[in-house]
Amino acid sequence: MRQFAACAALKEKTRLKRRSKTLPAAAPEPGPRIRPAAPEDVRSIIALDEDVTGLAKPRYWQDLYERYGSTRREGRFFLVAEGEGRIEGFIIGEVRAWEFGSPPCGWIFAIQVRPKGRLKGTGTRLFEAMCGCFRRAGVEKVRTMLARDNALILSFFRSQGMMAGPFIELEMSLD
Amino acid sequence: MKLQKATYFALYAVLELAADPARQLSAVEIAEKYGISAHHLAKVLRVLGRAGVVDSTRGVGGGYRFAGNAKRLTLLDAIRLFEPLGNERSKSGEQPPNNAAGRALKLVLDETDEHAAATFRSITISTMLKIMAQRLASEPTKETRRPRARQDRRGSASRAGGNG
Numbered sequence: 002m003r004q005f006a007a008c009a010a011l012k013e014k015t016r017l018k019r020r021s022k023t024l025p026a027a028a029p030e031p032g033p034r035i036r037p038a039a040p041e042d043v044r045s046i047i048a049l050d051e052d053v054t055g056l057a058k059p060r061y062w063q064d065l066y067e068r069y070g071s072t073r074r075e076g077r078f079f080l081v082a083e084g085e086g087r088i089e090g091f092i093i094g095e096v097r098a099w100e101f102g103s104p105p106c107g108w109i110f111a112i113q114v115r116p117k118g119r120l121k122g123t124g125t126r127l128f129e130a131m132c133g134c135f136r137r138a139g140v141e142k143v144r145t146m147l148a149r150d151n152a153l154i155l156s157f158f159r160s161q162g163m164m165a166g167p168f169i170e171l172e173m174s175l176d
Numbered sequence: 169m170k171l172q173k174a175t176y177f178a179l180y181a182v183l184e185l186a187a188d189p190a191r192q193l194s195a196v197e198i199a200e201k202y203g204i205s206a207h208h209l210a211k212v213l214r215v216l217g218r219a220g221v222v223d224s225t226r227g228v229g230g231g232y233r234f235a236g237n238a239k240r241l242t243l244l245d246a247i248r249l250f251e252p253l254g255n256e257r258s259k260s261g262e263q264p265p266n267n268a269a270g271r272a273l274k275l276v277l278d279e280t281d282e283h284a285a286a287t288f289r290s291i292t293i294s295t296m297l298k299i300m301a302q303r304l305a306s307e308p309t310k311e312t313r314r315p316r317a318r319q320d321r322r323g324s325a326s327r328a329g330g331n332g
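Each protein sequence line maps, in turn, to chains A and B.
When you read off a place in the first sequence, starting at 1, and then add 1, the result is the number in my numbering.
When you read off a place in the second sequence, starting at 1, and then add 168, the result is the number in my numbering.
There's no promise every hint is true.
Below, simulated EDC-like cross-link-like pairs (lysine to aspartate or glutamate); rule was C-alpha separation at most 20 Å, straight line [unchecked claim]: (1) B:Lys274 <-> A:Glu67; (2) B:Lys173 <-> B:Glu251; (3) A:Lys142 <-> A:Glu95; (4) B:Lys239 <-> A:Asp150; (5) B:Lys211 <-> B:Glu251; (6) B:Lys170 <-> B:Glu282.
Ranges between beta-carbon positions, derived for each pair [said to hold, decoys possible]: (7) B:Thr225 <-> A:Asp52: 42 to 50 Å; (8) A:Pro105 <-> B:Lys170: 35 to 43 Å; (9) A:Ala165 <-> B:Lys170: 14 to 22 Å; (10) A:Glu100 <-> B:Ala305: 51 to 59 Å.
Everything labelled a hint here was simulated from the structure, so no lab data went into it.
All C-beta atoms, glycine included, are put in the ideal place defined by N, C-alpha and C.
Just need the whole structure built from these sequences, with the hints factored in.
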């Protein structure tokens, strides 16, 4: 909690300073409060994900919370957007170092916003909060990876200023 | 990657008009700004008009306005109005021979086409305007010094490489 509080306190101060390094997006409307995930949020997160994907994955999200939310390990962040007494969205990320020879950088590997609450700046708030946490952790790059046909989330990250990175993902069938 | 000249003209026009949807511009005004053929651009604007991307007003003082949703219209949407992309192109255009080399080559070309289509599909006109604003802010001197539409004056609007 202490780590995020410090992060949040400096976030607003540094946001404008850093603005020139990100795209000049319109300021999001007043909206949900961004805070670290708490144990009681897990049930809402499971329901939100099920609402979006049509698949309930309680053990997966509980496990993610235990690894990224509850322990608050250095460089791991599990944030939620809370508005009108419910969870409107969440984002998970961590700082990874020297994977594929890359210096430490922030990785976002989950983001979700309640479908009826989209286009209100919630995703942007979550993304900017996560970037602020990464900056506090001392990294200068943020990365993510997603399916090529996931046009919705791809467009979202593009709208935040993300471009193709220096890596190419490869795979092969082991049949 | 290489786009056809009409596609480049369409993207110039869409970006110019979407930057200020309340503003009305003639084909000549847009063509002069980008150093391109007004006659060719007028044909392109008619296609954009039929697709509902721009609105046109005839007569003296007439012109074009952006009529689309900049947060929804993607580069792929605009490009597809003028040329096929990726697998669409391979259905209509020249294809590698049906032998081992041709099939292997097609596999690789399909991979690059899919990446290109995914990239164009993920970038909206709104995002393009942000990228343009960012580049203007970070390189104001270079931007103002750069000759406008230099590529088009040479008669080619393409970048290096590609098989379009």
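(request) Could you check the hint for me, namely that glutamate 100 of chain A and alanine 305 of chain B are 51 to 59 Å apart, CB to CB? (result) 32 Å Cβ-Cβ, so the 51 to 59 Å window is violated.
(message) Does glutamate 251 of chain B sit within 20 Å of lysine 173 of chain B, going by the straight-line distance between their CA atoms?
(response) holds, 10 Å
(message) Verify the CB-CB distance for threonine 225 of chain B and aspartate 52 of chain A against the hinted window 42 to 50 Å.
(response) holds, 45 Å
(request) Would you check the hint for lysine 170 of chain B and glutamate 282 of chain B, treating anything up to 20 Å between C-alpha atoms as holding? (result) holds, 14 Å
(request) State, for the Cβ atoms of alanine 165 of chain A and lysine 170 of chain B, whether the hinted interval 14 to 22 Å holds or is violated. (result) Between alanine 165 of chain A and lysine 170 of chain B, where Cβ atoms are some 18 Å apart, the hint holds.
(message) Check whether the Cα positions of lysine 274 of chain B and glutamate 67 of chain A lie no farther apart than 20 Å.
(response) violated, 46 Å
(request) Compare the distance between the alpha carbons of lysine 142 of chain A and glutamate 95 of chain A with 20 Å, and conclude whether the hinted pair is satisfied. (result) Judged against 20 Å, a Cα distance of about 12 Å means the pair holds.
(message) Between the alpha carbons of lysine 239 of chain B and aspartate 150 of chain A, is the straight-line distance 20 Å or under?
(response) Judged against 20 Å, a Cα distance of about 18 Å means the pair holds.
(message) Can you confirm whether the C-alpha distance between lysine 211 of chain B and glutamate 251 of chain B stays at or below 20 Å?
(response) Measuring from Cα to Cα gives roughly 15 Å; hence the hint holds.
(message) Just to be sure I understand the hint, the distance between the Cβ atoms of proline 105 of chain A and lysine 170 of chain B should be within 35 to 43 Å; is that true here?
(response) For lysine 170 of chain B against proline 105 of chain A, whose Cβ atoms are near 38 Å apart, the range 35 to 43 Å holds.
The earlier numbered hints that this structure contradicts are 1 and 10.
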